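Going down the list, the sequences are from chains A and B. If you're matching positions, the first sequence starts at 5 in the working numbering and goes up one per residue. If you're matching positions, the second sequence starts at 1388 in the working numbering and goes up one per residue.
A couple of the hints might just be wrong.
[Stated by the list, open to error] With a straight-line Cα cutoff of 25 Å, these simulated BS3-like cross-link-like pairs (lysine-lysine) come out:
1. A/K219 to B/K1734
2. B/K1499 to A/K145
3. A/K229 to A/K219
4. B/K1656 to B/K1709
5. B/K1952 to B/K1592
6. A/K219 to A/K208
7. B/K1592 to A/K29
8. A/K208 to A/K229
9. A/K219 to A/K116
10. A/K145 to B/K1502
11. B/K1734 to A/K145
12. A/K145 to A/K116
13. A/K71 to A/K166
14. B/K1455 to B/K1952
15. A/K116 to A/K208
Keep in mind that the hints were calculated from the coordinates and are not lab data. Quantities reported herein were computed from a predicted structural model and do not represent experimental measurements.
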Amino acid sequence: MSDVVMHVWRGDADGGQFEEYTVPKQDGEVVLDVIHRIQATEAPDLACRWNCKAGKCGSCSAEINGKPRLMCMTRIDTLPEGETITVTPMRAFPIIRDLVTDVSFNYEQARKVPAFNPPPRPEGGYRMSQVDVERGQEFRKCIECFMCQDVCHVIRDHEENKARYSGPRFFIRYAELEMHPLDTNDRRDLVREEMGLGMCNITKCCTEVCPEHIKITDNAIIPLKERVVDADYDPIAWLGRKILRRTKRTAEQAAVQPD
Amino acid sequence: MSEIEHHDYDVIVIGAGGAGLRAAIEAKGRGLRVALVCKSLLGKAHTVMAEGGVAAAMGNVYAEDNWKVHFRDTMRGGKMLNHWRMAQLHAQESPDRVQELEAWGALFDRTKDGKILQRDFGGHRYARLAHVGDRTGLELIRTLQQRAVSMDIDVFMECKVVRLTTDDDGAVNGAVAYWRPTGEFVTFGAKSVVLATGGVGKSWKFTSNSWESTGDGHAIAMWAGASLIDMECVQFHPTGMVWPLSVRGILVTEGVRGDGGVLRNSDGKRFMFEYVADMFRAETAESEDEADRWYDDHTAGRRPPELLPRDEVARSINSEVKAGRGSPHGGVFLDIASRRTADDIRKRLPSMYHQFMELAGVDITREAMEVGPTCHYIMGGVQVDPDTAATAVPGLYAAGEVAGGMHGSNRLGGNSLSDLIVFGRRAGIAAADRAESMAREPKLNQAQVTEYIDEALAPFTRDSGENPYDLQHELQELMQANVGIIRNEAEVVEALEKLDELKQRAANVAVGGGRAYNPGWNLATDLPSMLTVSTCTAQGARDRRESRGGQTREDFPKADPELGKVNFVQRQPSGRGFSSEITITPEPLPVMPDELMAIFEEESK
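Can you make the complete structure from the sequences, with help from the hints?
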């Protein structure tokens, strides 16, 4: 069988370059297998993240031929045959070393999400219908590979936006909580004012790279935008809020973490 | 040496899978200073790999279910080697722990009347596994992760603990670790330490486990004075992928069989009917018709033999392959395509569909999967007190896969996720109790700290030496060949000799490059734990001269009632650390009280 030629970006925050590696092709291999073979033979210090090697943990995100992919789910035989394969780290995040990036931006965003806040559990447990939980379940399939964050042009080429933009991964988190049958927090103002929902102009790049095929734009971001707009501009909703007691907590209240 | 980063906490939890997160949440809830230290990014721990569900006798699908039935199933599945008290606590408390997850945001699949849906799994008499499709582990870890983040628990990610530190009285008082991104060391002082480091499976060639499962917790506990039990009991999950070679070992959930999938050999025969052990005969279907009726109504027939406990199914697959009735790539066929509609399969088993489609080019709604046994889980582990998860070392607690006793010689599917949340919580409570009772901050012994750091850095100091990857590769080949699913005296004795050689060679491993995110060095620091736990497993496999659950000896094919009354306990009585001697002694199992014994006696009448 022929060889696989791979150009892997090697370096750190101070800069780096592509190194070329040639390894014999093996049946059914994925990009991560080739990286592992390079580590075990030529370059034991080649840095990459991985855990499950089955597309379930979202650790091994990288850009393969310029496109964000999970290395463990990208079979070599699906890439153009005979052509060099280029593997680079995710571009939207600072480099730690080689293919490993500093994804702490995402963990900081996670800390800003007001916690799930259900009513007290009734005797015999909560009751929810399957159809209601399925909406949230779609978003909870997220494996936090952060490729949607990587590809999102609001932050990919605009470091300055990171301070006020939580990104697609967290828009689906907010959507999931908004749609959770039991949640009582209202995060709509927070999402609009602090998390930069308005900066997303629905180009669907995030949806295209999602390895879990979550319809990020259609099922989370657009409905979330609609809800936010409704909350602000819908005169009937406005009147309703004046007359009826709000059942959800406001953004300010929701932003305070419960004990 | 320059100043080392240091942090003081009341409780540190090592490992951020289900058990570690649950322990940290509990201790933090008491208002203590809590740190969570983990080798990977938060949320990537091995718990995400759990697919099928979390076992809890909630009785939502079969009202007849209750903790006693779950207790009985767990003990029988473990071939009665389990610590009865752990099995009891687990069965009693898991329903509350599952409900609690829901209050923290988990979204389980529902029954028609809106309760948590439960699915069938091997060895469980009733449909008992709360689940979310086939990604229950992800749901569990994400729920706990989000809870932990909302509580503002300090998380040290990509930080590997190399050793525990101890005080003059032998109590644990902290840990020495390094940051993987920088290679810089960090020390922790702690009043209590909870180990939740998971398993050991990376020492086998074909495994469902990730690079993290190197037995760090087992090893550092033993090096700090704790005892390990039943390390020979290793579970080979019956259904791992076998092809392509590069994905060999990746898990195929038992949920496929729970939802109607059957195992066939190359003749197309459902061979499991030929392999029903006496212990399970009374409750297992005799014909395909009877088995098929059971799926819709558990009172209309007995259980299909495909849903026997995992050890039974794995051995049967092994036998079929050995007899020449295997699939083209050395497994057997797992067929759900001919038994359920394509829509059902995609809905119930979405990640299996995805996994086979992407990695093997197999559409499981149209064709059968090829599967075979893969190293999956270690039942043995650190010996703990059932109620508090306390180890023999004061201040040290262990929960989840790293702890032994709960599952006896074989774990039932679904009992792992429940184990994590039941005993994670208990470990957190006990660790918090101890921390609250201690007035003084622990003070680390700097000589110890320096010794452990030097130990970890040694591979950089050698100009020439072996590549750690070569050593790991040899270890995996050895454990696969000699201490695999079927064992015998000669092979395990040979394995022990070779393990001794590998230990010598591990002391001569050399790595190049810098300390920042250097996988070669990281592996070099994992090798001492891998070799320690592999030695423990091989010793146990040599001394337990019987076949029971995860220990199968072809030269002793039957269970020995006398050996069924003992745990094999391993310690380092003289000198602690990687190069010190490990002893193994049989010690009597704790005696089950009469009222629990009665559950089994009623049945045999």
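Evaluation of the provided hints:
{"no.": "1", "hint": "A/K219 to B/K1734", "verdict": "holds, 16 Å"}
{"no.": "2", "hint": "B/K1499 to A/K145", "verdict": "holds, 22 Å"}
{"no.": "3", "hint": "A/K229 to A/K219", "verdict": "holds, 15 Å"}
{"no.": "4", "hint": "B/K1656 to B/K1709", "verdict": "holds, 16 Å"}
{"no.": "5", "hint": "B/K1952 to B/K1592", "verdict": "violated, 32 Å"}
{"no.": "6", "hint": "A/K219 to A/K208", "verdict": "holds, 9 Å"}
{"no.": "7", "hint": "B/K1592 to A/K29", "verdict": "holds, 20 Å"}
{"no.": "8", "hint": "A/K208 to A/K229", "verdict": "holds, 14 Å"}
{"no.": "9", "hint": "A/K219 to A/K116", "verdict": "holds, 23 Å"}
{"no.": "10", "hint": "A/K145 to B/K1502", "verdict": "holds, 21 Å"}
{"no.": "11", "hint": "B/K1734 to A/K145", "verdict": "holds, 13 Å"}
{"no.": "12", "hint": "A/K145 to A/K116", "verdict": "holds, 20 Å"}
{"no.": "13", "hint": "A/K71 to A/K166", "verdict": "holds, 21 Å"}
{"no.": "14", "hint": "B/K1455 to B/K1952", "verdict": "holds, 22 Å"}
{"no.": "15", "hint": "A/K116 to A/K208", "verdict": "holds, 24 Å"}
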